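Colleague: Please put together the full structure from these sequences, using the hints given.
2 protein chains.
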Amino acid sequence: MKKLAIDAMGGDHGPKTTIPAVVLALKQLSDISILFVGLQETIDLAKKTIPADLLQRVEFVFASEVIAMDESPSKVLRNKKDASMRVALKLVKEGRADACISSGNTGALMVLSRFILKTLPGIDRPAILSRFPTKHNKPVRVLDLGANVDSSAEQLFQFALMGSIVASAVSGIENPTVGLLNVGEEEMKGNEQVKQTALLLSESDKINYFGFVEGDALFTGIVDVVVCDGFVGNIALKAVEGLARFVGGHLQQAYRRNWLTKLCFIPLMSIKKVIDPRQYNGAFFIGLDGIVIKSHGSADQFSFLKAIEEAVAEVDKNIPELIKKHIDQYGLPGS
Amino acid sequence: MKKLAIDAMGGDHGPKTTIPAVVLALKQLSDISILFVGLQETIDLAKKTIPADLLQRVEFVFASEVIAMDESPSKVLRNKKDASMRVALKLVKEGRADACISSGNTGALMVLSRFILKTLPGIDRPAILSRFPTKHNKPVRVLDLGANVDSSAEQLFQFALMGSIVASAVSGIENPTVGLLNVGEEEMKGNEQVKQTALLLSESDKINYFGFVEGDALFTGIVDVVVCDGFVGNIALKAVEGLARFVGGHLQQAYRRNWLTKLCFIPLMSIKKVIDPRQYNGAFFIGLDGIVIKSHGSADQFSFLKAIEEAVAEVDKNIPELIKKHIDQYGLPGS
Chain A
1 MKKLAIDAMG GDHGPKTTIP AVVLALKQLS DISILFVGLQ ETIDLAKKTI
51 PADLLQRVEF VFASEVIAMD ESPSKVLRNK KDASMRVALK LVKEGRADAC
101 ISSGNTGALM VLSRFILKTL PGIDRPAILS RFPTKHNKPV RVLDLGANVD
151 SSAEQLFQFA LMGSIVASAV SGIENPTVGL LNVGEEEMKG NEQVKQTALL
201 LSESDKINYF GFVEGDALFT GIVDVVVCDG FVGNIALKAV EGLARFVGGH
251 LQQAYRRNWL TKLCFIPLMS IKKVIDPRQY NGAFFIGLDG IVIKSHGSAD
301 QFSFLKAIEE AVAEVDKNIP ELIKKHIDQY GLPGS
Chain B
1 MKKLAIDAMG GDHGPKTTIP AVVLALKQLS DISILFVGLQ ETIDLAKKTI
51 PADLLQRVEF VFASEVIAMD ESPSKVLRNK KDASMRVALK LVKEGRADAC
101 ISSGNTGALM VLSRFILKTL PGIDRPAILS RFPTKHNKPV RVLDLGANVD
151 SSAEQLFQFA LMGSIVASAV SGIENPTVGL LNVGEEEMKG NEQVKQTALL
201 LSESDKINYF GFVEGDALFT GIVDVVVCDG FVGNIALKAV EGLARFVGGH
251 LQQAYRRNWL TKLCFIPLMS IKKVIDPRQY NGAFFIGLDG IVIKSHGSAD
301 QFSFLKAIEE AVAEVDKNIP ELIKKHIDQY GLPGS
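For the protein sequence lines, the chains are A and B, in the order given. Each residue of the first sequence is one higher than the last, beginning at 1 in the working numbering. Each residue of the second sequence is one higher than the last, beginning at 1 in the working numbering.
Warning: the hint list may mix true and false statements.
[To be verified] No farther apart than 30 Å at their CA atoms in a straight line, the calculated lysine-lysine pairs in the DSS-like style are these:
| # | chain 1 | residue 1 | chain 2 | residue 2 |
| --- | --- | --- | --- | --- |
| 1 | A | K262 | B | K135 |
| 2 | B | K189 | A | K75 |
| 3 | A | K189 | B | K81 |
No wet-lab data here; the hints were simulated from the structure. Keep in mind the model is a prediction, meaning the values are calculated, not measured.
Modeller: Written out as structure tokens, the structure is:
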């Protein structure tokens, strides 16, 4: 039985999303139990909403505070000692839960995760890892998507290693290829940061280094793992989300004019499953001594379920343990 | 009469695109003349293809070499003294042409442009500026999209100034707003580079500084100009192109299955004009003492025409002169 701590209060919609998502998860995944962390009124609501046969796999954990989506992470760290997000992370620390899932304030979740769980031995900083869709239904794993700015070459190497371990363990890719995000594929291109990282990666026999890749590698599937600084990764991610919203808005306008154009929308349904960003919800805060999954703040119950499934996959393979073992055995450059 | 030097040999399709594009441009723009630069056989073909009544506005300029799309810029600089791209740039330098348009090798075009035209006084480095589509048909101008990596705060300030001048002169936006690309909108976010640049921008009374913007600002229209380091800008641009190709490919698959689904594709035509990347072809190498427009390598005749129109707009307002005047009058921080 995998035990998942859910921050019931996080995200734009809070319990309106998390309660139905928990119901869905309990129905679909028979090998999980939920530690549902929230305010008293939310717990009361959940007890009424979750069907009786599923309730036996839910434990309710009370928290007296909620972290707002725009609160400063440093203030949260100092002041909100009994926030639902923090209580959920503590459950992981104490070994009562195998993973924590929250769609709350990203900055606060990162700061609290580092404070409570700490990074793994040898890992300087956690990174945000997420999957991007490509042709042939083979996702690319990309990190760091914004946990850090100004990462060193050694830290980018650590990200590359952790990304490889996840791609191999979770997706079963043997010897996954790693690309380093750059402005061109030629060796002399890029800034000092990527040139130094390329050197470390090409010298390692533990990483299947492909070479530099450009921004379109997020969607081509040319490599299994794309590594970048969190500054670049976050901007690229937000740019891509911006385009998706822009085009999505225009598509809706074009097809919702009358019943005929609405009918024409139907073929789109067949590709929705492939390109639906909800499919790819659930970013992994990798490098921590514990499993933390960040769901998108605007997640609905379906996409929150995807984040829960992502957590289950990481728990299944015990990713932090795999990383720890690898570093124990082979070490890391520069340490 | 605006005189435009066209590198007839550049791009994935060379003269197959540039000749019909020149015909289109001469038909649609009565106030331009063309300096058509290419190999002898290409000139012969163009003479046969371009209708007689338009030929009087075309001057043919012979070049003996062509730069391949994957040639190293530094080798090009040393060895290809009579390449069509280089000859076209020299026409601008000598004052025989008002602008040069090429869809050739981007790196070579940048290196040759800097070598032949030099940067404007006070400007350290040219930047690549392009327009992105947003709601309400109001484009955002974004720079630098990849001319530089590791720009200093002073250089990013120069980009902001040049972007403002173009937005104001070409699009008639009074006091255009400038956003600085970052991983969040809060003041304490980001790396040293953006923090220092933010300081310079907020101290200037010549730039209408909006503050930090995130990656989605490329498509929201929240600001008129987005400034970023070329490393970040290029990766974001390529990521966005990658998503567009990925989704475009799936859309085609979904709608080209049979005649019924093909029919359903029709409503898409209405939005094609808005989201068609060909509409936005033509990147401006800004900061040079001369006007250079880079067309996408895969441009067709329609999108190459857009690049020509972009050149005409910059020539119309004499952007390099406006930048020079502004710097003469007000100076720049750090100089």
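Colleague: Let me make sure I understand: some of the numbered hints might not hold for this structure. Which ones are they, in numerical order?
Modeller: Of the numbered hints, all hold.
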